[in-house]
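Colleague: First to last, the protein sequences are chains A and B.
All residue numbers for the first sequence refer to the numbering used here, where the first residue is 1 and numbers rise by one.
All residue numbers for the second sequence refer to the numbering used here, where the first residue is 1 and numbers rise by one.
Treat the hints as calculated values from the structure; they're not laboratory data.
Mixed in with the good hints, there may be bad ones.
Only part of the chain B face toward chain A is listed, based on derived beta-carbon distances under 7 angstroms [stated by the list, open to error]:
1) Thr14
2) Ala17
3) Arg28
4) Ala29
5) Pro447
6) Leu453
7) Thr454
8) Phe457
9) Arg479
10) Thr488
11) Val495
All of these numbers come straight from a predicted model, not from anything done at the bench.
Idealized CB from N, CA, C, for every residue including glycine.
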Amino acid sequence: MRNLGRAIAISVLTSFVLAAIFSDWLLLASGTQDAAGVGTSGFFASGLAAQLDSQNPLTTPLAEWLWATRQTVALGLVTLALGLPLGGLIGTLAGTQPRLFGIALTRAVELTGALPGLILVGLWCVGSRTPTLFGFGAMLAAIRSVGTARLVAEHVRQTLVQDFALAARALGATPSHVLSWHIWPTLRPLLLLEASATAVYALGIDAALGFVGLAPTGLSTWGALLDRSAHPGAATTLLALGCIVAATLALNTLGPVARWGKERRRQARSGGFSTLDAANPR
Amino acid sequence: MREALRRLLWLIPTMGAVTVLAFWLLARALDGDARQSQDDGARSDAQLPLFVNLEPRGVREIVWDAAESIAKDAEQRSSDESTSDGRERDELAPLVRARADAVLQMIGGAGLPYLLPRLDALSPVGRAAVAEALLPVAVRMGIASSALAYTPAEASELWARFSVERLGDFKPAAARRAVSRYALKATDLRSNELFELDTFALEELFRQQAELLDPGATSDEARDPVATASRLMTAAARLLGKDWVLAPGASLEQARELNQRWQNHWALVRSNFVVLQGVERLVAPFFQTRYAAWARQCVVTRFGVLNDGQSALGALRSRSPNTIFLFLVGLVGGTFLGIVIGQLAAASKRFRGRRIRLLAKSATFVLPVLLLQARHLQSVTLRTVAGCSLMLLIGGLLVVRQQAANREAQRNHGWIFAYRILGASPLLAAWRTLRISSNLAISALAPQSSTLLTCVFVVEFAFGLDGIGPTTIAALKARDPSWIILVTVATTCLVGAVHLASDVLLARLDPRRSYSLHDEG
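If we strip away everything but chain B, and leave its shape as in the complex, we get (with noise of 0.2 angstroms):
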């Protein structure tokens, strides 16, 4: 029991690191890859470190980093103009310019608490820079009238004033009190209200919608949930610059729906938009990794879809009996099948030692022949058949010279020279050695379970067998991180089980073992 127990423990931690590993190697492969970067806002994700952040980043430093780009950039255009020395500028400077831009464009109300008050800090002509940059957030909040009305100087003095006058209402309260009463009524004076706060009102609206439309939250009769929740998605909508917005008439499941994938996104974004304080900044370093953007993915994605539709724990769920199925063949029916060959090779003068080895032989030249003629088997039937018949065979032969030799070893014995003495039959002598000689090839079942994961793989993949392996091979061939962690968790899983089953069967085979580590402690 406490040898389960042991295992079962590790086993969390095993999974953790195999998902680092594949992940690592995965990650590799995926450096280059635009798909990491789709939704990820101010930050792709592929340029985060892998695994531990020494640099955590909240609002406060994103836009202050940005602010600090745009200055310079200006800064050194203006000394360019003065001088005119004909210095080759940076290639690279405009497009660090664009993008900084466009991170303060798209942080917006929720960086200028920590942004317009360091703005003094900047030269004049980097805070006029920042000052410009900032007035397509001054268009969506409301109190401009047009990006292009107002040089940078006007921008400067713009920025300024709303630092003086209305800077003092960017709290939690004033958010939470906009978006409620946003929620309950869309009037002008309360969408004003809320798009003056911009971004810096989303994590209010956001919890807001996730307490509205919880399945599990007591249901207010005077507010009807789909009305408001659709109000709230139009809000973030608009703030966001996405079109998820729910249709005229939808129903309840459908705007639920459309919260998944709304608070999905925010699960992904929300760090460009909140400043780091408390537990947050300590688990950051942990957090703001792509390893932890990943597997907060696929916590709220539930491991994605593959690429034919199908969600990948659905495809789990369907396609793993087949494979689990083709794997106790070969463990199970396998090392019974090579304990009970290997006990009569032993036992048998005609029928030992070389002839094992002829077996072994002819197998090896038989398996490569079947699995590249396997594609040519019409029939599905036939060819799970002879799919089984192969993990049977493979199954047998890694177990078959184990069971012989130890059973060799087993007829030195002195208690099984008395049996013979006494007349035993060398079948009689075989079947009493059977439980101890079997000790070895039960040990092995679960060293050899990745070996027989990787033949079962193969064997589905020859076969056109559906199950895990051909979609693992087609999701390694396409760097789908969600399979490929998720078959390494499920095969984690697998292996421990094997394990225990292993450890329990030994301590049914042979007792001794467990007095021993119980006599241990």
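In isolation and in its complexed conformation, chain A is listed as follows (with noise of 0.2 angstroms):
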């Protein structure tokens, strides 16, 4: 029952991704002309999309859809590229450091804490005339990382009193090595598990956006398909929610799989305790 609902999870997520890397040659064959879903020519068109969306004959739902699809995976990788990498950073200096980017790095976490996240991301989205998916990405993934350095850092600082990493210290490695050796490795659960969460914390942020009618001009998100001003159409908004309720759940499926897969397998490896286990949710 729980590999089903691992793979139902990868499957759906996997067909995202398809759809938004084929999302050209299936517009093509759509027979849609543009981006925007103008043209209802076409197998895709006059089948599938023509029943969803019968009383507006000049979008077509699928096209708009398979867009929006593609621009969300875009903005979650772009998050997820951007997030990771840069919590990752934050989070190992303030562990190693606490004095001087620890300090920093609490603070970060209060002015973040502060804001609720739609203010602060709808006053990007105000703010910007040309909203890009990039600058929407990087918003998002700055934002986030403040998170992420948090977990980091801890993880860092609880793994720099452990055992091996003395002993490696007194063998003499320099502290580039033991973090590139023995700290780096054992971030990797955490940030699998941080990477399912950032990826549903972007498409949250998105859905609220949309959903309230501050989405980013000019972008065209699942999100964005949530505002029904720019899209009454029923068949849109439904289908949109549809793939961000579907990807949700697949990315909480799939987030604490990863992590606790990784850190079984490193524990079956070392035949050792792990701390991890203490907040294992099985």
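Join the two chains, each given in its own frame, into one complex according to the hints.
Modeller: The structure is reproduced here in structure tokens:
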């Protein structure tokens, strides 16, 4: 049963990524002339799309959905590609240099914690005259990386006082060697979990912004499709909503699995006890 | 106590940083916005740097820059006419010239003590052009009949004579005397005396006006404050080109209200009329910025008014109870619900693990559907109840997995085994571990606050509840900095309060924490 859940989650995410990669081909095949989804002739438009949105023959929900999927996947990837390394780097610095970077990180956590994400990202959206997907992702990554850095810093601090790290230092290993050989490998499970949480965060904020009508102008993500003033068609909204829910569930299913899977394999190799067991939600 | 004090002290810089961050993000949107520069006189705020001004300018610098622009333009024209080589002039030159003219005329008498002595440094053509640009000021001061009646050379001569004969009167003491005499009785002689000083007298004029209408000031029976204020306001209106004057028979309250408007305006434009010196020059790099201008405006207008005419502070006061109630339902109710379900889940074999995940997944499906269908609920009570239920669900979901995981971890402790061996039921064991296993959920209260606030705003928007959320979303769309920054300050305070409450609760739940803090000194 558990494996079935994982298989479904992987299938869902893979299908979204494939749809994003081959969206151009699919749009051409559906006969849509541009990204806005104008045009109804073609295989997809005459079939599924026409059934989904029969009241508005000028838009094809499938074309809109494909374009939105492509942008949403790109948004998630940009957020992950920027947020995780940034959070990892800041967290490592804060964990190894608590007096300097640790205090700065604490203040950054307080600062981002004091502002609701909706206001912070909403401010960026209204402030950008020509918002780009990269900028949107970078903004989300910057906010999220603070939380990631806090977890990484805590993990680094705990791991640095473990026997194996102290032994390595006693044997003459440099701090950079200890970090690269003994600390960073143990970060992988944590970063995998954070990756899923970051992607869910990006989806959630994007959906919230779209729902309240603050989606960045010119971008057409799943969240933007939830904006009913811009997309009055019920089919488009429902399709976007379904995708957001499905992707959120899939990421929530896979995130912990990836983390604990890695951790269990590490335990099996070392035969030791893991401190991460304390928070295992099995 | 020390921890609480530390948190409280850090709240102030955090609030400052939050407003700076929010203002920076908003300023990008407001760059081209004409609203900023409505009443700002010589310099529009949009042209000022955001946070640090490395070249702060007082009246001396402003008038000299304007004079140089006018002189340069006049020299350029003169050389073009003499050479006639057909070179095209800069398209913006007339605009720059017109702006410089307007600046000189607006600043008027306040700039004369710094401009006239330096006119000789300009070329004869430039000097004549500047003198000509100052003619409307001369008309306003009553030393010239009409701006059109003078040639540039005559205008130059007029100002040279004025500089020798009258510039010595442009002293603060003279301004104080002229304003006091005019305030007592506005005879022709006294009016001439005041208007010859032109805008140089404004600083003193607004100071006396504020003193006169100060509610705490002792009343002088010989002077009618409303009539005196009316005279001062009429003079200010003439000098600044406004029509903010008191109607005949106005009450003291109306006079105070109008005075407040004048003082607000003066606070915004004052730096254009006074020279920077002493402390003022030291703080000018930070005060002559868009952020400081906005902060000043917020202080004097108490965060201004919303689009519906309601004052921002009043709107926050009237709408915050709904938002805080929903937030507390999510935070306190949700945490309580999450802790209870988490404990039960860990205690019961049937309810453990998979069922919790199933519950979370079901809620993930239910939440968005509820949000989308929220508008169909007609009754306000029903919408409020639905909103509260949703916040309860969200708050519970944020906590339940942490609580269950933490409780699971507690199961492996020796003292729990001992309890079980001695015959304690799973429920009793869950009850015994409630306090220690709730630490994680309680410590997560503060970090989850911003997430919960986002959820509150979305829920209020979806259910059409009268809270801060819909107003904030409308303010974001309208790019209204005052309301947004007011809300960010309010949320910072709220999250700070949650931090404090969380610390106090943690210390109560786990006394070892306070002991360790105490030991660490």
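Colleague: Now look at each hint and say whether the structure bears it out.
Modeller: Taking the hints in turn, this is what the structure says about them:
For B:Thr14, the shortest C-beta to C-beta distance to chain A is roughly 5 angstroms, which falls under 7 angstroms, so the interface hint holds. Below 7 angstroms, beta-carbon pairs count as interface contacts, and B:Ala17 has one with chain A at about 5 angstroms; its hint therefore holds. A least Cβ separation of about 4 angstroms between B:Arg28 and chain A falls short of the 7 angstroms threshold, and the interface hint therefore holds. At its closest, the beta carbon of B:Ala29 sits 4 angstroms from a beta carbon of chain A; the interface hint therefore holds under the 7 angstroms criterion.
Taking 7 angstroms as the C-beta contact cut-off toward chain A, the hint placing B:Pro447 at the interface holds, the least distance being around 6 angstroms. A hinted interface residue such as B:Leu453 counts as satisfied when its beta carbon comes closer than 7 angstroms to some beta carbon of chain A; here the least separation is about 4 angstroms, so the hint holds. Annotation: B:Thr454 was flagged as interfacial toward chain A, and the flag holds, the nearest CB pair being 4 angstroms apart, inside 7 angstroms. At its closest, the beta carbon of B:Phe457 sits 5 angstroms from a beta carbon of chain A; the interface hint therefore holds under the 7 angstroms criterion.
Residue-level restraint check for B:Arg479 holds (minimum Cβ-Cβ distance to chain A is 6 angstroms; threshold 7 angstroms). Because the beta carbon of B:Thr488 sits about 6 angstroms from the nearest beta carbon in chain A, less than 7 angstroms, this interface hint is met. A distance limit of 7 angstroms between C-beta atoms decides the matter here; for B:Val495 the minimum to chain A is near 5 angstroms, and the interface restraint holds.
In the structure shown, no violation is registered for any of the earlier numbered hints.
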